[in-house]
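Engineer: Chains A and B supply the protein sequences, listed in that same order. Under our numbering, think of the first position of the first sequence as 1, with each following residue one higher. Under our numbering, think of the first position of the second sequence as 531, with each following residue one higher.
No wet-lab data here; the hints were simulated from the structure. Each residue gets a CB set at the ideal place from its N, CA and C atoms; glycine is no exception. Hints are not guaranteed to be accurate.
[Unchecked claim] With the C-beta cut set under 7 Å, the calculated list includes, among others, these residues of chain A facing chain B:
| id | residue |
| --- | --- |
| 1 | S189 |
| 2 | L199 |
| 3 | E202 |
| 4 | Y203 |
| 5 | G208 |
| 6 | L210 |
| 7 | R215 |
| 8 | V390 |
| 9 | R391 |
| 10 | A395 |
[As the list claims (entries may be wrong)] Listed next, with one range per pair, are the computed distances between beta-carbon atoms:
| id | chain 1 | residue 1 | chain 2 | residue 2 | range |
| --- | --- | --- | --- | --- | --- |
| 11 | B | A538 | A | D472 | 44 to 54 Å |
| 12 | B | A613 | A | Q485 | 44 to 54 Å |
| 13 | A | L61 | B | G582 | 48 to 58 Å |
| 14 | B | A613 | A | A31 | 24 to 34 Å |
| 15 | A | L277 | B | P678 | 45 to 55 Å |
| 16 | B | S602 | A | Q326 | 47 to 57 Å |
| 17 | B | G632 | A | A62 | 54 to 64 Å |
| 18 | A | P457 | B | P546 | 42 to 52 Å |
| 19 | A | V471 | B | G582 | 48 to 58 Å |
| 20 | A | P457 | B | R550 | 45 to 55 Å |
| 21 | A | R70 | B | G582 | 27 to 37 Å |
| 22 | B | A544 | A | Q318 | 29 to 39 Å |
| 23 | B | D584 | A | D317 | 29 to 39 Å |
| 24 | B | R541 | A | G75 | 45 to 55 Å |
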Amino acid sequence: MSGAGPEVGRGAPPADDVDVLRVLAPDEDAAVVAEELSLVAETGSRGAVLASSPGLPEEVLALVRRGVTRVLRPGEPVRAGAVVVGTPRPEHDLLAAVESPVVLGRAELPAGAAALLRALDGRLPGGRGNGPEGPDPVGPGPVAAGSSGRRRVLLVSSNGSGLGHLTRLVAMGRRASAGTDVHVLSMSSAVPLAAEGLLPYEYVPSAGDLGISARRWNVLLHRRLGEAVRRFRPDVLVFDGTYPYRAVAELGDRFPGVRLVWSRRPMWKPRMGAVQLGLVPRFDLVLEPGELAADLDRGLTVGRGDALPVRPITLLDQHELVGAAQARTALGLEQDVPTALVTLGAGAWHDVDSQLGAVVAGLRRVTPDAQICLVRPSIARSGADPGHGVRTVSAYPLSRYLRAFDVVVTAAGYNTFHEAVAFGRASGFVGVTAQLDDQPQRARWAQREGVGVDLDPLDPSSVARVAELLVDERARERCTARCAQVWPGNGAAEAMAAVEAVADGASGRELLGRAGASEGRGGREREASR
Amino acid sequence: MIRRQPPALVRRAAGPVLYRLARLAGGPPPGLRRGRDFAPADLPTVVVVVAGADEGSCAEVLDAVSRAQWASDAFTPVFVVDAPVLSPFRRAGYVVELAGPGGLGAAVAEARRSYAADLVVVAGGRGPEAADALTGLLLAQRPPIEGPVGRSRRFLRAAEARLR
């Protein structure tokens with residue numbers, strides 16, 4: 001190998017003498033190595049073998065005689081696309097005269113390794129380690145729409161560990177009509193959990209997951225998004241996130257045939273987010289998932305008239321939830337015991353200085369016999385039941401089992417808040433300080449409308465009000481009835497229908513106009529019904 | 531000692547210039563995560579492919595890799611898995627990529643490109659012998675480039691990381 005390592009990002013590398021150099025150790029299975037060398041030749045690559053001891057096994061010699069591979073002498077200078085070694089020690093001594101951008105070390109030769117090698121082999125000679133800003137193999141230019149006559153929708157979600165943006169997109173994607181193919185590209189590591197079995201997906205680590213700067217990461221996303229667009233050939237790309245990445249916002253310049261939709265949740269904190277609103281003209285349509293607490297929304301998205309409003313979006317509909325008894329059985333909970341679900345992200349349940357600890361302690365004080373359930377996140381950690389009446393539950397989507405709980409205590413994030421109301425659960429809401437999401441206003445609205453308790457300030461008296469819900473069935477029923485009154489129904493299907501309309505050629509202006517007309521009609525109907 | 535972030539004006543003015551210079555110097559993106567117990571460092575990246583990934587094999591591979599890291603601290607591992615088993619790697623603070631519709635080969639090629647890796651290790655085997663062999667391979671990784679070129683490169687990349 002070259003002493004200075006691979007030269008990166010400095011123009012086209014010189015041609016290789018061989019594509020794959022296989023280094024053969026004395027204790028390796030010659031038949032397996034011979035099979036690999038044959039596969040290299042089958043893929044049209046030039047292979048060679050370098051042995052660490054004199055004399056080659058008969059299986060390899062046979063290949064040499066047939067011209068399938070050639071033999072290199074130790075010390076013979078050679079440039080190789082990839083070097084494959086089976087065991088580390090002796091081979092590295094042999095590699096002094098070998099120049100290669102990649103060493104494919106194999107810890108063992110497991111079953112199926114030959115197939116893997118074949119898969120890698122086709123890729124190796126072309127893919128030099130150029131860093132994230134290396135040349136884009138996809139390149140710019142228009143992308144031809146799918147020729148099958150089916151619509152293609154690429155759903156792109158932000159975030160590194162949460163599920164909010166991704167869940168909204170999956171809610172839409174699973175309601176696509178039969179003539180639409182949907183693919184998910186997510187920066188959430190929970191994408192296997194959220195999309196497995198529902199929609200095809202891929203994962204791109206976020207800048208936060210990688211620890212690198214946004215500047216470096218945007219280049220990486222630019223290339224990977226371009227590759228996904230080339231491969232999937234979507235008619236429409238839907239982005240759900242509060243700040244469209246540069247690679248998303250500029251996609252229209254690279255692929256003019258792809259129409260862009262921004263799914264933009266409202267309820268932003270006052271005066272925040274002006275910069276991303278400047279990106280609206282880059283999108284063909286802005287979709288606004290409905291917000292129950294809209295009349296307390298003081299954010300910059302209010303009154304702009306640039307977004308198509310749909311009803312609030314939840315992953316599931318009422319009929320998809322399982323009954324209370326069945327849900328408790330599925331989660332391993334006792335029947336006939338007051339049961340609360342507490343889903344507050346940070347903190348330890350036994351630390352009363354944390355929000356989670358304060359809520360758990362408060363509930364246990366008032367209802368010592370209750371089951372207090374904490375979420376054991378399937379995406380992050382696992383653990384056993386802590387005891388002392390505190391249980392852990394894990395399921396995805398947990399909303400399917402929401403009827404197991406008499407009371408829910410949750411952060412007032414968009415998804416959990418709307419699910420709690422949609423499914424009529426008596427709830428306590430904590431308005432967590434989030435970057436842009438104005439959660440305290442949602443919690444305030446819930447209290448005002450009688451659908452839940454605002455846990456601000458989070459003190460023994462506010463927790464006691466939630467605990468009272470846990471023991472007072474009539475109070476819970478009042479909450480549930482009020483939830484049914486305010487819940488307008490799930491907007492996921494209408495959001496997806498709007499996306500499909502964009503795929504079919506409708507303009508954003510046209511859709512906004514239609515929505516305005518039906519809003520006017522709906523308004524008059526509501527007025528008449530009062 | 532607590533290192534203060536440079537003023538916003540300095541970051542805005544000098545950040546893009548340093549980014550371009552550091553790019554020319556090559557190497558993986560500065561700041562790339564290296565595991566919970568290891569601070570980001572300017573070290574060669576190794577792509578560790580976990581073929582046939584499941585919780586058990588991932589735990590074995592993680593153990594082998596972290597042993598090599600503790601022994602040499604000479605490389606930054608980036609994992610590529612062919613099954614949706616991301617959480618063990620994320621819990622341990624590592625970068626992990628999941629092979630997508632393009633297949634494992636495409637994912638490895640993309641990981642090499644994204645993180646400027648020059649060593650790819652395929653960890654497909656099970657058991658202590660495979661783990662030891664994996665650790666051995668990683669320990670054979672060469673140290674970073676030395677001399678004036680290496681020093682300049684490290685300086686540029688450290689400066690970029692400071693002004694991100």
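Engineer: Against chain B, run the beta carbon of R391(A) and see if the smallest gap drops under 7 Å.
Structural biologist: violated (21 Å)
Engineer: At a threshold of 7 Å, is the proposed contact between A395(A) and chain B supported by beta-carbon distances?
Structural biologist: violated (16 Å)
Engineer: Answer holds if the nearest beta-carbon of chain B is closer than 7 Å to that of Y203(A); otherwise answer violated.
Structural biologist: holds (5 Å)
Engineer: Is it true that the C-beta distance of L277(A) to P678(B) lies inside 45 to 55 Å, as the hint says?
Structural biologist: At roughly 48 Å between Cβ atoms, P678(B) and L277(A) fall inside 45 to 55 Å, so the hint holds.
Engineer: Measuring from beta carbon to beta carbon, are A538(B) and D472(A) in 44 to 54 Å?
Structural biologist: Given about 53 Å between the Cβ atoms, the range holds.
Engineer: Does the Cβ distance between G632(B) and A62(A) fall inside 54 to 64 Å?
Structural biologist: Cβ of G632(B) to Cβ of A62(A): about 35 Å, so the range 54 to 64 Å is violated.
Engineer: Take a look at whether the Cβ-Cβ distance between A544(B) and Q318(A) falls inside 29 to 39 Å.
Structural biologist: violated (56 Å)
Engineer: Have a go at the G208(A) hint: is there a Cβ in chain B nearer than 7 Å to its own Cβ?
Structural biologist: Violated, about 10 Å.
Engineer: Restraint: L199(A) near chain B, CB-CB cut 7 Å. Satisfied or not?
Structural biologist: Where the cut-off is 7 Å and the nearest Cβ of chain B is about 12 Å from L199(A), the hint is violated.
Engineer: Does E202(A) pass the interface check with chain B, least Cβ-Cβ distance below 7 Å?
Structural biologist: Holds, about 4 Å.
Engineer: Does 42 to 52 Å hold as the CB distance between P457(A) and P546(B), or does it fail?
Structural biologist: For P457(A) and P546(B) the Cβ distance comes to about 44 Å; the hint holds.
Engineer: Does the Cβ pair A613(B), Q485(A) satisfy 44 to 54 Å?
Structural biologist: holds (46 Å)
Going down the numbered hints, you'll see the structure goes against 2, 5, 8, 9, 10, 13, 17, 22, while the others check out.
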